[in-house]
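Trainee: Generate the whole structure from the sequences, applying the supplied hints.
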Amino acid sequence: MAYAVALCAYLVLRRRFGDNIAAPTRWAVVAGAVAGGAIGAKLLFLFEDPQLTIHNLHNPAYLTGGKTIVGALAFGLLFVELLKKYIGVGRSTGDLYAIPLCLGIAVGRIGCFLTGLPDNTYGTPTSLPWGVDFGDGITRHPTQLYEIAFLLVLASALYFVTRSITRENTVFKLGDAFKLFMVAYMAFRLLCDFIKPYPKVFLGLRAIQWVCLLVLLYYFSDVVRWLQALRAHRRLSWRQI
Amino acid sequence: MKIVFTIVLALVVMVAALVLLALSSCMVSFPTHDNLIDLGVLALCSLGVIIGGIFLIARIHREY
Numbered sequence: 001m002a003y004a005v006a007l008c009a010y011l012v013l014r015r016r017f018g019d020n021i022a023a024p025t026r027w028a029v030v031a032g033a034v035a036g037g038a039i040g041a042k043l044l045f046l047f048e049d050p051q052l053t054i055h056n057l058h059n060p061a062y063l064t065g066g067k068t069i070v071g072a073l074a075f076g077l078l079f080v081e082l083l084k085k086y087i088g089v090g091r092s093t094g095d096l097y098a099i100p101l102c103l104g105i106a107v108g109r110i111g112c113f114l115t116g117l118p119d120n121t122y123g124t125p126t127s128l129p130w131g132v133d134f135g136d137g138i139t140r141h142p143t144q145l146y147e148i149a150f151l152l153v154l155a156s157a158l159y160f161v162t163r164s165i166t167r168e169n170t171v172f173k174l175g176d177a178f179k180l181f182m183v184a185y186m187a188f189r190l191l192c193d194f195i196k197p198y199p200k201v202f203l204g205l206r207a208i209q210w211v212c213l214l215v216l217l218y219y220f221s222d223v224v225r226w227l228q229a230l231r232a233h234r235r236l237s238w239r240q241i
Numbered sequence: 001m002k003i004v005f006t007i008v009l010a011l012v013v014m015v016a017a018l019v020l021l022a023l024s025s026c027m028v029s030f031p032t033h034d035n036l037i038d039l040g041v042l043a044l045c046s047l048g049v050i051i052g053g054i055f056l057i058a059r060i061h062r063e064y
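Going down the list, the protein sequences come from chains B and Z. In terms of this note's numbering, the first sequence opens at residue 1 and continues consecutively. In terms of this note's numbering, the second sequence opens at residue 1 and continues consecutively.
Worth flagging that the hints you see were computed from the coordinates, not collected in a lab. Since the model is a prediction, treat every value here as computed from it, not as a measurement. Be aware that one or more of the hints could be misleading.
Simulated pairs of lysine to any residue, SDA-like, Cα-Cα distance not exceeding 20 Å [what the hints assert, rightly or not]:
no., chain 1, residue 1, chain 2, residue 2
1, B, 67, Z, 40
2, B, 173, B, 222
3, B, 67, Z, 7
Covered stretches of chain Z, going by a simulated chain B footprint (3 or more residues, C-beta under 8 Å) [stated by the list, open to error]:
no., region
4, 3 to 15
5, 39 to 52
Idealized CB from N, CA, C, for every residue including glycine.
Mentor: In C-alpha cells, the structure reads:
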C-alpha cells in the first residue's frame with residue numbers, strides 16, 4: 001500500500017512538474033536508491049541493539065527479520081551519490097521523490113501503529129491524554145501517529161518548495177526539495193527517538209540517532225545556505241515595502 | 001541499447017530488493033519456520049543480485 005501510494009504520488013508530480021533527467025539516468029538512480037534502501041534498512045537494524053545481534057548471529061530469522069526507514073534513506077542517499085559520481089552525473093535528481101517518500105512512510109506508519117507492540121515503534125510510557133494502550137495496559141506515546149502528522153505537514157510544505165524551484169529568484173534551487181525532506185525527517189527522528197524505549201548504543205543515543213546526526217552533518221552547508229538566502233530574501237522584501 | 005539494459009537491470013534490482021524486504025516480513029511472521037536456512041540463503045542471493053545489478057548498471061553508464 002505504501003509503495004503504491006508513493007508510486008502514484010511520484011507519477012502525479014512528474015506529470016505536474018516534469019522530469020529534466022534523461023530516462024537511463026533516472027532508471028539508474030532509482031535502482032541505486034532501491035538497492036541502497038534495501039541494504040541500509042537491514043544493516044542499521046543490526047546495529048540498533050548490537051548485543052542482541054551478537055546473541056543472534058546464528059539465527060537467520062533475526063538477521064533478516066527487521067528493517068529501519070532511517071537506514072534505508074541514509075544508504076539510499078549514499079548509493080545514489082556514489083553511483084552518480086561514478087557515472088558522472090552532477091545535477092540533483094531527488095526532488096520528485098521527496099513528497100512520495102513522505103506519503104509512503106506515512107502510510108507505512110499506519111501499519112506500524114496497527115501492529116502495536118510487536119512492531120517496536122511505540123514510545124515511552126506517558127500520562128498524557130492522547131497516550132495509547134497497545135494491549136499491555138500501559139499508555140505510551142503514539143510515536144507512529146506523531147510521525148504521520150509530521151510527514152503530512154512536511155509533504156504540504158515540500159509541495160510549495162518543489163513548485164518554487166521551477167521559478168526564478170527563489171530561496172530554493174534544484175535538489176533542495178529532497179535535501180529539505182532529508183534534513184526535516186532526520187531532525188524529527190533524532191528528537192522523536194528520545195521518547196522511544198530502545199537501547200542506546202553510544203553517548204546516550206541510539207544507532208538510528210547517530211545516523212540522523214551524520215546525515216544532518218552532511219547537509220549542514222545547505223541548511224546554512226537556506227538560512228542566509230532566507231535572510232537576504234526577507235531584507236529584500238522589507239526594502240520593497 | 002543503454003536504456004534497455006538499464007531498465008532490465010533496474011527491474012531485476014527492484015525485484016531482488018522486494019524479495020529481500022518480503023523475506024523479512026516472512027521471517028517476522030513465521031519465526032519458527034522449518035526452512036529458515038533456505039530463506040537465509042535466498043536473502044543472501046537477493047543481496048548478491050542487488051549488488052551485482054548496481055555494479056553492472058554503473059559499468060554500462062560509464063562505458064557509454
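Trainee: When you check the alpha-carbon spacing of residue 67/B and residue 40/Z, does it fall within 20 Å?
Mentor: This hinted pair holds, its Cα atoms lying about 15 Å apart.
Trainee: Run the distance test for residue 173/B versus residue 222/B: straight-line Cα separation, threshold 20 Å.
Mentor: It holds: about 11 Å lies between the C-alpha atoms, which stays within 20 Å.
Trainee: Are there three or more residues in the region 3 to 15 of chain Z whose C-beta lies closer than 8 Å to some C-beta of chain B?
Mentor: holds (count 7)
Trainee: Take a quick look at whether residue 67/B and residue 7/Z sit within 20 Å of each other, Cα to Cα.
Mentor: Outside the cut-off at roughly 26 Å; violated.
Trainee: With a cut-off of 8 Å between beta carbons, are at least three residues of the region 39 to 52 of chain Z near chain B?
Mentor: holds (count 6)
In summary, the one numbered hint that this structure violates is 3.
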